[in-house]
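Below, each chain spelled out in residue letters.
Number of protein chains: 2
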Amino acid sequence: MHSIDFIHDLAVIMLIAGVVTVLFHRLKQPVVLGYIVAGVIIGPHTPPSPLITDQHTIDILAELGVIFLMFSLGLEFSLRKLRAVGATVAVAGLAEIVLMIWIGFEIGRHFGWKTMDALFLGAMMAISSTTIIVRALDELGLKREGFAQIIFGILVVEDILAICMMVLLTGLAVSGNVSPQEVALTFGKLTIFLVVSLVVGLLVVPRLLDYVARVKSNEMLLISVLGICFGFCLLVIRLGYSVAMGAFVIGAVMAEARALRNIERLIEPVRDMFSAIFFVTIGLMLDPRVLGDYLGPIVVVSIAVIVGKIVAVSVGSFIAGQEGRTSMRIGMGMAQIGEFSFIIATLGISLSVTSDFLYPVAVAVSVITTVLTPLLIRSADPLTKVLARAMPRRLSRVFGFYTGWLQSLRLEGDQAVIAGMVRKILMQVFINFCIVVALFLVSAYLVRDARIFAGWVSDSGIQKALGWGGALLLSIPFLIAAYRKLKALSMMLAEVGVRRSFAGRHTDNVRRVVAEVIPVISLAVMLVLLSALSSSILPPAEMLLLVLVVGALVVMLLWRQFIKLHSRLQIALIDTFQKPPAEH
Amino acid sequence: MHSIDFIHDLAVIMLIAGVVTVLFHRLKQPVVLGYIVAGVIIGPHTPPSPLITDQHTIDILAELGVIFLMFSLGLEFSLRKLRAVGATVAVAGLAEIVLMIWIGFEIGRHFGWKTMDALFLGAMMAISSTTIIVRALDELGLKREGFAQIIFGILVVEDILAICMMVLLTGLAVSGNVSPQEVALTFGKLTIFLVVSLVVGLLVVPRLLDYVARVKSNEMLLISVLGICFGFCLLVIRLGYSVAMGAFVIGAVMAEARALRNIERLIEPVRDMFSAIFFVTIGLMLDPRVLGDYLGPIVVVSIAVIVGKIVAVSVGSFIAGQEGRTSMRIGMGMAQIGEFSFIIATLGISLSVTSDFLYPVAVAVSVITTVLTPLLIRSADPLTKVLARAMPRRLSRVFGFYTGWLQSLRLEGDQAVIAGMVRKILMQVFINFCIVVALFLVSAYLVRDARIFAGWVSDSGIQKALGWGGALLLSIPFLIAAYRKLKALSMMLAEVGVRRSFAGRHTDNVRRVVAEVIPVISLAVMLVLLSALSSSILPPAEMLLLVLVVGALVVMLLWRQFIKLHSRLQIALIDTFQKPPAEH
Chain W
1 MHSIDFIHDL AVIMLIAGVV TVLFHRLKQP VVLGYIVAGV IIGPHTPPSP
51 LITDQHTIDI LAELGVIFLM FSLGLEFSLR KLRAVGATVA VAGLAEIVLM
101 IWIGFEIGRH FGWKTMDALF LGAMMAISST TIIVRALDEL GLKREGFAQI
151 IFGILVVEDI LAICMMVLLT GLAVSGNVSP QEVALTFGKL TIFLVVSLVV
201 GLLVVPRLLD YVARVKSNEM LLISVLGICF GFCLLVIRLG YSVAMGAFVI
251 GAVMAEARAL RNIERLIEPV RDMFSAIFFV TIGLMLDPRV LGDYLGPIVV
301 VSIAVIVGKI VAVSVGSFIA GQEGRTSMRI GMGMAQIGEF SFIIATLGIS
351 LSVTSDFLYP VAVAVSVITT VLTPLLIRSA DPLTKVLARA MPRRLSRVFG
401 FYTGWLQSLR LEGDQAVIAG MVRKILMQVF INFCIVVALF LVSAYLVRDA
451 RIFAGWVSDS GIQKALGWGG ALLLSIPFLI AAYRKLKALS MMLAEVGVRR
501 SFAGRHTDNV RRVVAEVIPV ISLAVMLVLL SALSSSILPP AEMLLLVLVV
551 GALVVMLLWR QFIKLHSRLQ IALIDTFQKP PAEH
Chain S
1 MHSIDFIHDL AVIMLIAGVV TVLFHRLKQP VVLGYIVAGV IIGPHTPPSP
51 LITDQHTIDI LAELGVIFLM FSLGLEFSLR KLRAVGATVA VAGLAEIVLM
101 IWIGFEIGRH FGWKTMDALF LGAMMAISST TIIVRALDEL GLKREGFAQI
151 IFGILVVEDI LAICMMVLLT GLAVSGNVSP QEVALTFGKL TIFLVVSLVV
201 GLLVVPRLLD YVARVKSNEM LLISVLGICF GFCLLVIRLG YSVAMGAFVI
251 GAVMAEARAL RNIERLIEPV RDMFSAIFFV TIGLMLDPRV LGDYLGPIVV
301 VSIAVIVGKI VAVSVGSFIA GQEGRTSMRI GMGMAQIGEF SFIIATLGIS
351 LSVTSDFLYP VAVAVSVITT VLTPLLIRSA DPLTKVLARA MPRRLSRVFG
401 FYTGWLQSLR LEGDQAVIAG MVRKILMQVF INFCIVVALF LVSAYLVRDA
451 RIFAGWVSDS GIQKALGWGG ALLLSIPFLI AAYRKLKALS MMLAEVGVRR
501 SFAGRHTDNV RRVVAEVIPV ISLAVMLVLL SALSSSILPP AEMLLLVLVV
551 GALVVMLLWR QFIKLHSRLQ IALIDTFQKP PAEH
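Listed in order, the protein sequences are those of chains W and S. Start counting the first sequence at 1; every next residue gets the next number (UniProt numbering). Start counting the second sequence at 1; every next residue gets the next number (UniProt numbering).
Check the hints yourself; a few may be wrong.
No copy labels: a pair is met if it fits in one copy or bridges any two.
Stated by the list, open to error - Straight-line distance between alpha carbons at most 16 Å, and here's what the computed EDC-like set of lysine to aspartate or glutamate pairs gives: (1) Lys-216 with Glu-268; (2) Lys-216 with Glu-139; (3) Lys-487 with Glu-516; (4) Lys-216 with Asp-575; (5) Lys-28 with Glu-139; (6) Lys-216 with Asp-138; (7) Lys-28 with Asp-138; (8) Lys-114 with Asp-356.
Don't read these hints as lab results, they were simulated from the structure.
Just chain W, same shape as in the assembly (with noise of 0.2 Å):
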C-alpha cells in the first residue's frame, strides 16, 4: 500500500511515546516531557539516524494535534468562568504578561539576537502551561484550594492575551511594520470579529449542537463538533487569523452547549491523540547540539521566567489584594513555560520569522521549569515565612496598610449597583455597535469583492445603494437596541450627575435634554463612522439620502416590531448562559 511510510512513522511515534510517557509516569514527571523525550529519541539529530520518513504529514497531525488542543482549552474556558473572576486575575495577568515580553525581549536583544526573535522569546516566556500546572496542582493535592482558582483565572486571562499577542505578531510579522494606526486597526477587527462570533456563535452553536445531542449518538455529536470546529477554524484562516485561536474561540462557544460534559469526552481521546503526536514533534525538532551551543540563553531564560513570573504575579496579585501568603502561592504556582509557548515557536517558524535556535531553546527551558514546578509550589509558605521574618517591621506595616486601604476603596451600596448598571449598558451597546459594523463590513465585501449584484445591476450606484441599504436595514434592530440602552444609561447619569443644588429650578429640564441629547449625538457619532467604515459601498448622495428615507421610515413603521425582535435575540442569548451545564 502506498502509504506504509506514514504508518512506520505512526507507529514509531506512538510506540516510542507509549513506552517513555509509562517511564516517565513512574518517575513521577509530566507525560508531556516523555513525549518530547519520545521525539528526540526518534529525531534526526539522534542515533539511531532518522525513524521518521514521511515529514509532511507528520506535521499536519502536529497542527491537529495544536488544534485540538485549543479547542479543549477553549471548552473549558468557558465565558461564564470569565465573569466570575475578578479584577485580581486581570491585574495580575496583565503585570505578568508585560513584564515577562519585556524582559524576554531584553534578554534577546542582550544575546544580540534579532528583533523578531526577542520579541517572540518575549511572548513565548509569557505565557504559563495550563496543563503542567492542572497536573502539579492535581498531584500534591491542592487542586481546590483557594490560591489554585486564582491561578485558574489567571491562566483564563493569560490565554485571552495570549490569543491577542498572536494575533499582533502574525500582523507584525506579515506587515514587518508596528505602526500605531495599524496595530489600532488590527484590534480594532479582532474585536469585531470576536464579539460577532461569540454573539453568533453563542446563539447559533450551543443550541445546533444540543438539538444533534437529542439524537444520543456519539458519532452524530462528534461529526458534528468537529465539523462546527474545522468550519470556523476555515473562516478564521480566510481572515488571516491564526488556526488555534479559531479552535479556542470556537471552544468557548461549544462550552455554552448543555452537552459540554459529553463533547468533552468525546474530544478527549482525539485531543489526546493528536497532542501527543503535536508534543512529539516538539522533540523531533530538538538538536542536542544546538542545546549545548546555547546553554548561556537557556540558563538565563530559565531563570528569568522562574524569577520574572514568581515576582510578577506575587506582586500584581498583592497589588490587586491577595495576601502576601496567598500572592506568593499564585506567584510560585505560574513559573513555567509549557504548551502555548510551543504553539507560539511553531508560529514563528511557520512565518519564517524566527531563527532555528529559538525553537529548541524554548523547549529546553520548558523542560527545565516543567520539573521544577512541583518543587517550587511546594516551597511557597517556607519561602513566604522567610521573607516575612527577613522583612523589616516598617516595610510590612506599609504592606499591611495597602491590603487595608483597597479594601476601603471598594464600592458600596449604590454606588457599587449603578457602576455595575453603567457597565453592562456600555457592554450592551458596545456589542451592538460591533454587530452593526460586521453587517456593514460583510457587505462591503459581498457588493465590492464577491459582487453578488453584478450579474443583476450595471450600474455601480445601484450596487452600492443595494449593500449598503441592506446593510442599514439589517443593523436597524441593534442601532434602536443602541439608541435605546444609550437612552437609559443619559437618563441615569442626568439624575445622578446634574444636582439640584446646582441646576435649581432648571433641574428637570437640563436632566431631559441630557438624557435626549446624549444618546442622538452617540448614535450620529455611530452612523459617521459606519459611513468612514463602508466607504468602498458608500452610495452618492442622492441615493444615500434616499436610502436614508427609506430607512427612517422602516424605523418608524416597524419600531416596535424591531424591539421585540431584539429583545427575543438577547433573551435567547442570555438563556444559553443561564442554562445549567447537563450532568454527566
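Starting from the structure of chain W, add chain S where the hints point.
Chain S alone, transformed into the frame defined by chain W:
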C-alpha cells in the same frame, strides 16, 4: 501556515458530513450512507468542482479509518465469543462466503470482466456489514433476540474468513498465479503467524494494558493502546500482510484486557472521526456517470447479493440445525454488503489489479442493499409463513425429519467428553508446534538475513549451529509439552481403541506400546519437519549431532524446570481468558 490546504479539506469533509448525517438521521437512514453522499457532494465528479486539494493526506487519514474500523471490530470480536458460538455459524458462514464468491465470480465473467475483477467482485459480495446489521436490529428492537445472536456469530466467522480472503487475494495479486503449494505455504505461514501472535499477544498485551490502566490516566492508556496497535500493524506490514488484518488481530488480543470497556470508550471517538473520513473518501471516488454506465451490473449484483445471501445463509443455518423461521430471519438479516466490501475494493485499487469501475459498483450495491435491509428483516416472518403455506406437505415433513435426525446425532455422555478432550489436546499440540516453528523461522531470519552472529563468529557452520541450537533450546519447553500432551492422548486412545475383546491377554502390552510409540513418532515427524523448514540454518552433520546431544543433556537435566515453566505460561494464558472484564 503551510497546511491550510489540509485544514480546508478536513473542514469541508467534516462540515458536509455533519450536515448530511444529521439529515440522514432525520430520514431514518444509516449514518454511513450520509457519509458516502457527503463524499459524492464534495467529490470531483459533481459540481461545485473539486473541494479537496490535499488528496494525499486525506487518503492517509482514510487509511487510518480502515485501521481503526478493523481494530474496533477486533475489540468487539473477542476470542471468548468465538468459543461460545457453535457449529451453526461456522456452517452458515462458510456456505455463504463460498456461494457468494462463486456467484460474484460468475457474474463478473458473464459481463466479460477480467479474472481479477470478477474475483474481487466475489470477495466484495461475500461479507455482510456488521455496522448496518447492528444498526438495523437496534432500530427494530430485535438486538437481543436469539436469531440476532446467531447473526453476530456468523459475522464473526465472516470476519475471520474475510481476513483469510484478503491475505489470499493479496498473495494472488502480487504473485499472479495460484499454485496449490503456494496457497498452502501462504496459509501455513499465516496460521503460524496468527497462532504465535495470539499466544504471545494474549500473554503480554492484556497484562501490559491492565498495568497501564491501573494509573487511571485515560491519556496514557490511549497512547499505549495506539502504540501497541500501530506497532503490531508495522510488524504485519513488514511481513507483507495487510494492515487491516493486523489491526483486527491486535484488537482481538486487546479484547481480553480487563480495561476493555475503557479502551473501547477511548477508541470510539478516534474511530468515528477517521472512519467518517474513510466513508467520505468512498463517496469522493464515486463518479455518478460510471453508475449510469454500469447500471446493468449494479442491478444484477444487488439482486444476487440479496437473493444469494438469503438463500445461502438460511439454508446453511437450517442445515446446521436451526428452525425454519429462525433460519429465514438470519438469512434476511444478512442480505447486504458494507464496510468490508469497501476495504476489499480499496485493497484491489492499492494493489492495482482491479479496474476503476469496480469501486463505484460496490458502493452502489452497498447503498441499495443497505437501504433495503430493515425492510427485509421486517418481512422475514411474513415470508416464512408464505413459504410454509406454499411448500408441499411432504417436503416440509422431510425438513422436520432432518431437524430431528440432526439432534439425534449430537454426542452425549462419555463420548462427548472424550471427543472434547481429544480436540483440546490436539489444539494444544498444534499451538506448541506453531510456536516451535516460529522460533526456528525467526532464528533463521536472524542468522541468515540480520546476520546477528556475523560480528563474533566468521565460520558460517558455527553461526548456523548457534542459531539452530538456540532455537532448539528455546523450543524445548514447548516440545516437551507437546510430547506429554501426545502421550496423554495416546494413552487415552489406547484405552478406548485397543479393546480387550480384540487383543486378549496382550491388551496391556499393546496399549503400552501404542501409548509410547505414537508420541515418539509424532515428535520425530515434528523434528524432521522442523529441520526441513529451517534447512537454511541447519548446521553441518557433526555440529548438528553435537547440538542434538547438548539438547538431549539439557532436556534430561532440566526436565522438571521446563515442565514447570511451560505450565506457568499455560496457566497465565488461561488466566487471561478467565478474568472477568472490568465493568465500566
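Verification of the hints:
no.: 1; hint: Lys-216 with Glu-268; in the structure: between (18 Å within a copy, 14 Å between copies)
no.: 2; hint: Lys-216 with Glu-139; in the structure: between (35 Å within a copy, 13 Å between copies)
no.: 3; hint: Lys-487 with Glu-516; in the structure: within (7 Å within a copy, 108 Å between copies)
no.: 4; hint: Lys-216 with Asp-575; in the structure: neither (23 Å within a copy, 37 Å between copies)
no.: 5; hint: Lys-28 with Glu-139; in the structure: within (9 Å within a copy, 48 Å between copies)
no.: 6; hint: Lys-216 with Asp-138; in the structure: between (32 Å within a copy, 13 Å between copies)
no.: 7; hint: Lys-28 with Asp-138; in the structure: within (13 Å within a copy, 45 Å between copies)
no.: 8; hint: Lys-114 with Asp-356; in the structure: within (12 Å within a copy, 55 Å between copies)
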